[in-house]
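These protein sequences, in sequence, are chains A and B. The opening position of the first sequence corresponds to residue 118 in this note's numbering, with each subsequent residue numbered one higher. The opening position of the second sequence corresponds to residue 24 in this note's numbering, with each subsequent residue numbered one higher.
Treat the hints as calculated values from the structure; they're not laboratory data. Among the hints, erroneous ones may be present.
[Stated by the list, open to error] EDC-like, lysine to aspartate or glutamate: derived pairs with alpha carbons at most 16 Å apart:
| no. | chain 1 | residue 1 | chain 2 | residue 2 |
| --- | --- | --- | --- | --- |
| 1 | A | Lys347 | A | Glu360 |
| 2 | A | Lys236 | B | Asp79 |
| 3 | A | Lys315 | A | Asp284 |
| 4 | A | Lys207 | A | Glu192 |
| 5 | A | Lys180 | B | Asp171 |
| 6 | A | Lys236 | A | Glu225 |
| 7 | A | Lys248 | A | Asp284 |
| 8 | A | Lys232 | A | Glu242 |
| 9 | A | Lys331 | A | Glu355 |
| 10 | A | Lys207 | A | Glu286 |
| 11 | A | Lys240 | A | Glu228 |
| 12 | A | Lys154 | A | Asp284 |
| 13 | A | Lys232 | B | Glu81 |
| 14 | A | Lys232 | B | Asp79 |
| 15 | A | Lys236 | B | Glu81 |
[As the list claims (entries may be wrong)] To give a feel for the contact side, a few chain B residues facing chain A, derived at Cβ under 7 Å:
| no. | residue |
| --- | --- |
| 16 | Thr167 |
| 17 | Glu168 |
| 18 | Gln169 |
| 19 | Asp171 |
| 20 | Ala172 |
| 21 | Val175 |
| 22 | Ser176 |
| 23 | Ser177 |
| 24 | Thr178 |
Owing to the predicted nature of the structure, the values given are computational and were not obtained by experimental measurement. Even for Gly, the Cβ is constructed at its ideal location relative to N, Cα and C.
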Amino acid sequence: MNATETNTNEGVVVIQDLTKSFDTTEVLKGITLSLKKGENLVVLGKSGTGKSVLIKCIVRLLKSDSGSIKVLGNEVTELNNTDMNEVRRKIGFLFQGGALYDSMTVRENLEFPLKRMYKNLTKAEVDAKVKEALENVGLPDSIDKMPSELSGGMKKRISLARTIIVDPEIMLYDEPTTGLDPVSSHEISLLINEVQQKYKTSSIIITHDIECAKTVANRIIMLQEGKVYKEGVLSDFENTDDELVNSYFKSQNITNTKTI
Amino acid sequence: MKKTIPIPENEMEPMQKMRPKEISVKKKNKLEVFLADVGNATGFVLKVFKNIFGKDFEFNQFLKQCFAIGNQSLGLISVTGIIIGLVLTIQSRPVLVNFGAVSMLPGMVAISIIREMGPVITALICAGKIGSSMGAEIGSMRVTEQIDAMEVSSTNPIKFLIVPRVLAATFMLPLLTLYADALGILGSWIGANIKGDVSFVLFISQAFSGVEFSDLFPAVVKTFFFGAVIGFVGCYKGFNAGRGTESVGIAANSAVVMASLLVIIVDLIAVQITDLL
Ligand SMILES: Nc1ncnc2c1ncn2[C@@H]1O[C@H](COP(=O)(O)OP(=O)(O)OP(=O)(O)O)[C@@H](O)[C@H]1O
Ligand SMILES: [Mg+2]
Numbered sequence: 118m119n120a121t122e123t124n125t126n127e128g129v130v131v132i133q134d135l136t137k138s139f140d141t142t143e144v145l146k147g148i149t150l151s152l153k154k155g156e157n158l159v160v161l162g163k164s165g166t167g168k169s170v171l172i173k174c175i176v177r178l179l180k181s182d183s184g185s186i187k188v189l190g191n192e193v194t195e196l197n198n199t200d201m202n203e204v205r206r207k208i209g210f211l212f213q214g215g216a217l218y219d220s221m222t223v224r225e226n227l228e229f230p231l232k233r234m235y236k237n238l239t240k241a242e243v244d245a246k247v248k249e250a251l252e253n254v255g256l257p258d259s260i261d262k263m264p265s266e267l268s269g270g271m272k273k274r275i276s277l278a279r280t281i282i283v284d285p286e287i288m289l290y291d292e293p294t295t296g297l298d299p300v301s302s303h304e305i306s307l308l309i310n311e312v313q314q315k316y317k318t319s320s321i322i323i324t325h326d327i328e329c330a331k332t333v334a335n336r337i338i339m340l341q342e343g344k345v346y347k348e349g350v351l352s353d354f355e356n357t358d359d360e361l362v363n364s365y366f367k368s369q370n371i372t373n374t375k376t377i
Numbered sequence: 024m025k026k027t028i029p030i031p032e033n034e035m036e037p038m039q040k041m042r043p044k045e046i047s048v049k050k051k052n053k054l055e056v057f058l059a060d061v062g063n064a065t066g067f068v069l070k071v072f073k074n075i076f077g078k079d080f081e082f083n084q085f086l087k088q089c090f091a092i093g094n095q096s097l098g099l100i101s102v103t104g105i106i107i108g109l110v111l112t113i114q115s116r117p118v119l120v121n122f123g124a125v126s127m128l129p130g131m132v133a134i135s136i137i138r139e140m141g142p143v144i145t146a147l148i149c150a151g152k153i154g155s156s157m158g159a160e161i162g163s164m165r166v167t168e169q170i171d172a173m174e175v176s177s178t179n180p181i182k183f184l185i186v187p188r189v190l191a192a193t194f195m196l197p198l199l200t201l202y203a204d205a206l207g208i209l210g211s212w213i214g215a216n217i218k219g220d221v222s223f224v225l226f227i228s229q230a231f232s233g234v235e236f237s238d239l240f241p242a243v244v245k246t247f248f249f250g251a252v253i254g255f256v257g258c259y260k261g262f263n264a265g266r267g268t269e270s271v272g273i274a275a276n277s278a279v280v281m282a283s284l285l286v287i288i289v290d291l292i293a294v295q296i297t298d299l300l
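Take the sequences, apply the hints, and build the full model.
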């Protein structure tokens with residue numbers, strides 16, 4: 118299809134001067150960033166700086182006010198709905214709250230995007246995919262459970278499984294490790310790396326979890342008050358005098374010393 | 024968290040001052056809010072209609088919703104239907120006895136059940152039961168981003184969630200009404216037997232001798248509209264639920280209120296139209 122033709126020399130997601138307001142609150146005030154092919158881009162920022170709004174604009178769950186968003190060469194602000202759906206097929210979106218369909222079992226949850234995006238899969242293919250995705254997140258036994266029977270961490274993993282099941286080219290993770298214990302968070306971080314290597318995905322990972330950022334990041338962008346505050350690789354963020362940056366990267370150590 | 028503290032004019036950045044949106048934002052009065060809501064609702068209805076026709080009808084979802092609607096309301100409607108028939112009979116009897124017209128009792132009760140009581144009572148019960156459950160279910164899907172998740176899975180939530188519910192309500196309401204009518208007449212027979220002795224067959228033949236097609240037809244037609252109204256309102260309120268869990272309760276509650284009110288208004292209109300014919 119013409120609309121989704123890939124043109125990725127400049128990046129798989131390229132955002133320029135993106136703005137977005139709700140009523141009187143200006144949330145994004147001109148964001149410019151690009152996600153390169155195959156990279157893990159971590160987005161850091163305080164609660165309420167508009168990180169979730171940013172990635173929702175990428176899949177057009179929210180309409181941006183101005184600026185340009187190019188996904189795989191397509192200007193999503195101008196696509197019609199059919200072409201937008203074509204683009205969405207290539208994007209995996211992990212919602213901050215999981216967003217599991219609570220009237221469906223885990224199996225049905227995983228089958229949902231699969232059957233909707235690939236209409237001509239056989240039952241055996243679907244079953245194999247579901248099984249593989251659940252094994253990837255380490256929860257093969259929960260296949261017939263309802264979401265209400267799962268713990269918070271298990272829900273996170275199942276929704277991750279539901280997102281990666283369609284082999285997206287681009288992954289958008291909204292706080293994949295928030296609310297998990299350190300061991301599970303680390304496992305999820307490793308899983309994000311595994312997805313990157315196994316499926317050659319390019320990912321934007323929103324997180325507050327510095328350990329996760331350290332594990333997965335190829336590059337980091339920090340948002341502050343609706344703008345890009347700092348951009349660079351991990352070492353740029355670790356070795357700096359900037360107080361705001363340090364408050365993220367050094368706070369881990371501070372809490373450690375306090376608890377001793 | 025939303026900032027609620029207004030920024031004084033002189034502290035605004037010049038860029039901000041120039042933005043037309045900011046300037047036009049003032050406290051909206053009730054009429055404006057109401058008109059905006061009517062506009063949104065109309066847009067919603069049009070969108071649903073656009074998605075009813077066209078390919079990929081979610082037939083399984085439709086059947087599931089029909090079953091859910093029947094399952095949720097059958098018990099309540101049974102009890103209410105019988106009691107309404109019973110009460111109508113017990114209350115009309117003394118009056119008819121005074122006029123020496125007890126033989127007209129079955130026909131009279133049957134007409135009032137079929138024309139008015141059956142449809143309206145069923146619709147009001149469904150507005151409470153189905154309207155609220157649609158509002159709550161769709162509302163919680165909105166709040167927990169399940170509707171967004173559908174959308175990014177290339178699934179049109181209007182087509183998948185809303186159309187089947189609206190159609191199911193539209194088709195189930197007439198069926199439930201006929202069922203309520205039947206139980207109402209049964210209740211009426213029970214009522215007639217408290218102070219008299221009428222055989223069921225005689226009672227039924229007396230009841231239907233007075234009922235004409237022109238009683239039944241408009242009554243059935245209006246129940247389709249009742250069903251559509253309940254489905255649309257329940258789904259609209261849920262689909263447009265705000266953010267945060269409290270919105271789910273608000274959606275369910277306002278769905279019931281709005282649906283009940285609209286059922287009564289549609290009934291009034293239907294009666295006027297039937298009267299003209
Ligand atoms: N649909 C919406 N309608 C109105 N306001 C919204 C909407 N979505 C987000 N906002 C507002 O936009 C701002 C940014 O929200 P967002 O969810 O993007 O924050 P965030 O950076 O993801 O924070 P967190 O780390 O807590 O998830 C908040 O002030 C929020 O109230
Ligand atoms: Mg967020």
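Among all the numbered hints in the text so far, which are the ones the structure does not match? Of the numbered hints given earlier, the structure breaks none, since each of them holds.
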